[in-house]
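Participant: Here is what each chain is made of, one letter per residue.
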Amino acid sequence: MSASLGAADATMVELRQNFFGIWAAIKRNPSATAGIAVLLAWGIVAILAPVVAPYDPTAIDFLAAADPMPSSSHWLGTDSTGRDILSRIIWGARTTYTVVPLSVFAAFIVGIALGMPAGYFGGWIDTLVSRASDIMLSFPALILYIILITSFGPSLCNIVIAVTLAYAPGVSRLARAITLSLREQDYVAAAQVRGETSLYIMAVEILPNARGPLTVDLCLRAGYTVILTGTLGFLGLGLPPPTADWGGMVVENGHLLSIYWHMTVFPCLAISSVVISCNLVADSLRGGRTR
Amino acid sequence: MNDTSLLTVEKLEISYRKDGLLLPVVKDFSLRLAPSETYGLVGESGCGKSTVAYALLGYLSEHGVITDGSITLNGTDVRKLDHAGLRKLRGGDVAMVYQEPVSALNPVLTIGRQLREARLAKRDCSKADANDASISMLKAVQLPDPAAMFDRYPHELSGGQAQRVVIAMALLAEPKLLVLDEPTTGLDATVEAEVVELIANLGRKLGTAILYISHNLTLVGRICERVGVMYSGRIVEEAPTRQLFQQPRHPYTAGLLGCRPYSAAAGKNRRLATIPGNVPLPGQEPAGCSFGPRCQYFEPGRCDQLPGPILEAVAGPTRVRCVRRDEIVPQTLVPVSVAHRPKSGSSVIEVEALVKSYAPRHALRFGGKSPGPEARNANDKISLSVKGGEILSIVGESGSGKSTLAKIAIGLEEATSGRMITFGQDVAQVRARRRPLHLLHKIQMIFQNPDSTLNPAHTIGAIIGRAVRCVNGKQSAADIKRHVDSLLAAVALPPEFRHKYPHELSGGQRQRVGIARAFAGHPEVIIADEPVSALDVSIQAAIVNLLLDMQAHAGTTFLFISHDVALVRHLSDRVAVLYGGQLMEMGTVDEVFSPPFHPYTARLISAASGRAASGGPKSEGKVGQHASCRFFEQCHVRIDGLCDRETPPRREGSESHSVTCHHELSELAMQPILVSETM
Amino acid sequence: MVDPRGNRYFGNLGYSLMLKEPVIDVLSDRLGYTLLLAFWAVVFIVPLSITMGVVAGMNEGRLIDRLISMTAVVLTSLPEFVVSVGLLLVGVAWLGILPGTSPMNLGSKWSIGTQLFLPVTVLVIASASYVSRIVRASVVDTLRRPYVRTALLKGLPRWQITIHHVLRNAMIPPITVILLQINWLLTGVVVVEAIFAYPGVGSLLLQAGLYGDIYLVQALSLLALSVAVGTQLIGDLCYMALDPKIKVA
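Residue numbers (the numbering used here), protein chains in the order written: chain P, 2 to 292; chain R, 45 to 723; chain X, 164 to 412.
Everything labelled a hint here was simulated from the structure, so no lab data went into it. Cβ coordinates follow ideal geometry from the N, Cα and C atoms, glycine included. Do not take every clue at face value.
Computed list of lysine-lysine pairs in DSBU-like fashion (alpha-carbon distance at most 30 Å, straight line) [as the list claims (entries may be wrong)]:
no., chain 1, residue 1, chain 2, residue 2
1, R, 544, R, 525
2, X, 408, R, 171
3, X, 408, R, 183
Pairwise CB distance ranges (calculated) [what the hints assert, rightly or not]:
no., chain 1, residue 1, chain 2, residue 2, range
4, P, 153, R, 526, 53 to 63 Å
5, P, 255, X, 230, 24 to 34 Å
6, P, 154, X, 256, 28 to 38 Å
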């Protein structure tokens, strides 16, 4: 046990490394490198979807549906209506890589825009923002989506809005907490006494120093969002069919699991690979520690 | 000597693993300690003194390895012990007291439980016996009401109390050797003096050998019979305390002694002697003597040759690690005299009956002891004036309100009532955000903590450049660059530093950048909040000199906030003494530091020489709240029924000197002051 | 899943005539099943995650820690429906020893125990992997605290350090997370219930939402909020009991 003790200064070193070398931290960790590689690969696939997909993802082919198992013409098989699984997974990557970045960035912009002033100014702004996010956070996220999406209908825009609404409170809470501790730093005081505006202080003095924890949170939330959009698709609340959507593919073919496992398993693997990669990157950034 | 020694360390070498390399941090370390001897190990941060302490208990962090040498404690070889052996050793033969006592205690267990555990681990006795032993030990460390203390939790204790508990815990196992690692760092000076005295007394009474590790030579001199001075992982000089102080034989020891602000020299020569340069990082030591590059007696061709010097005896028990040990008698460095300073002018800041009170928090709250409904006054009717061009020091301990006063002046806090007139404008209740820019730029601040004074996300050039642009308005990029370079030059940093990030700088260098930033707009007043308290002794002196030079050069008014009485005495024109938010005494340096004293000033001065005031209540009583004199609870000359009821009058000793006390000045002049002979 | 006619029946009732009573009836009925599922999930989640987290944390950096941590990262990354698909594939399609759905029918050929097995397992995998990571982090953090060093250098036996000094402190932060899991088990198990046709609150919510049964959704939201408030309260009480620094003044 004594081996794991007494390394308090190692924490500091690690923090500093997180800070000044996000890339260095990732490079030193082989599992994080693998994670980045997988995420980049899916990104390229998503961009090149029209080029690399062997079939039209929505083309129904009853001839192929007669024998949907993987074959030389359909590497990952087809679904019950003869749509090529590989092509649908490739186009599904495009769906994921549109919805997830859009909604996560929107959540971060809203969350930071609310959380930083709350932490910096305190007072009634803080009370307002904190109470509002407490209420939002105490409500199970999935209920929120179900209510939102069932009332406004499943479209790209509504899904992005739903994710933003659900994640922005968490992001704002984090941004507030970081701002709260950073505003006590002497360099912030120095900026105040030389007459900088509050906006300048928040954007130039505080925000760059919050990027470490915010990046970790971004990676984690990106992972959750992949799960979430998959789950929404799975519950029939995702993008309307016939859009290729990994979660949707699982539910479309779930009832055939015992006969045609490939229809379900491959999209499951696709989702899992993206989420695991996000989590591995997040883990390496915070030095293998969960908080 | 050999047979009777309790602890024998021979040629110990300890290394840290870093990036697959082994970097030695402690080298050729030998030490002999007789039973019940007191030995002080002195050195600056990073010299390896704490690593040695932990090695004695067979405890190194996962990166540390003992690469050579031996440690024999009470006849057993510590390096050869297994888990069970180490358990027997720790707490049995050797116990340790740490810095930051509050975090060394488990927050969820009562004090009593943790004390009892220490006793039971070493002694076969019943719980009740262990409880009794714990309570009597709490009594021995002079904690008030030991039985009640037994059931308290660590967070209910002050820093000084927690350290007494940790000392009690260490002594409960009746160890033969007590290792104390900076046990008073972070405590107020008056509390520090009391804890040090307690350690010295207990050591004497129980016959425990003491290894006292500190960066503070004065403190070590107070309790230790012998002192070893460490530099860059090696002992460079070892001598009986009196000899070391009277005639240091190693240039580094002489330098350390010279860096301390000498109260005797106050008023004559404000500059401090300095040791140039920085302590080398592990793995970057120069060949030969590692002190060589900073040494004024350095002789090329001898001091920089391998192997480096070895620790050899000169003059009786004194041992020195220096090639030129027989040729030189290092002198305490003589400081260069200060440039002519302009005389003080008319008042630039006028503080009148300033009050800052913190409202009590909500009724339902978590933590804290007394949710008293009354507000706490951090500043309580403070009145003083700062004159142009002078150095006014505000001295006091934690909770005295000195930082609050500075923050109100600079606009980081607003006062509850009263007036603070700076350059003709009352800013007591105006935060920086709402102050006019021209006023803001007239007052700048130098901050305490070198780790947080510079934004880690920006380069030095960007940090100073922004300050230049902010105060001087629109300028071309070339102008700004020139200005930044000249500021860097003024604080003795090379221009390449423009491209560095704060984490690439040492603490002292960061503090220099902070000073350059404060001077960027030629402010008329600089407020320096403990600007050197986080720095090593040898660096402190250089920064103080820099501040004095820049102040003299620009004629800036200085408001110097500090807890360090010796330093304040050294550099100030005038001094204000604060306690619990009240102004206790105010006057020129000579007036404040010579009788008549305020009772609190008297206590501060004796604490500065490592002495606890004899008799009277302990320094960690509550700061009086209802009492009219805040110092009432701890005052050794208090008048019950008067001091706790009525506001003490302000007694004028001269035009510039005033003491706020119920006693007549003539009575106060009779107080005894304890000053250590080592000062 | 549930017969669409039944769904409409309850929905219509909520809408028009005697909306209040049936909503309560439905809720109490479904809540019973949800409590059953949550109970068995918690019974496994808490000991499992604490054991895993503590073992990994105490052996930080060793092989066992890396194995546990890596497994935990992978398992937390898997969406519930992916885990369900995997388990269904193994337990139902290949081995044929478990039922594919869990409608909690007493009359079915599968016993209640076998019907509960898969939903509980999915919940345990999803939740325990996450909680164990929190526990591990807390243990690692506590081990670095100076008071653990104090205990070690006092010469205390190792078991005493582990139990009184490390675990006593390390268990405080994960409480929040464990309570959030309970929160989720009581109102948020939508996916698992939908997959296994389990008659709990989660699948009810999904149906109500899809159907647009505003009163039922409203009642369920209210339930979610009261559960959230309740667990928060329990959390505060736990903190008060465990952390002497926290006392209501």
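Participant: It remains to establish, for every hint, whether it holds in the given structure.
Facilitator: Structure-based check of all given hints:
no.: 1; hint: R:544 - R:525; verdict: holds, 15 Å
no.: 2; hint: X:408 - R:171; verdict: holds, 26 Å
no.: 3; hint: X:408 - R:183; verdict: holds, 25 Å
no.: 4; hint: P:153 - R:526: 53 to 63 Å; verdict: holds, 60 Å
no.: 5; hint: P:255 - X:230: 24 to 34 Å; verdict: holds, 31 Å
no.: 6; hint: P:154 - X:256: 28 to 38 Å; verdict: holds, 35 Å
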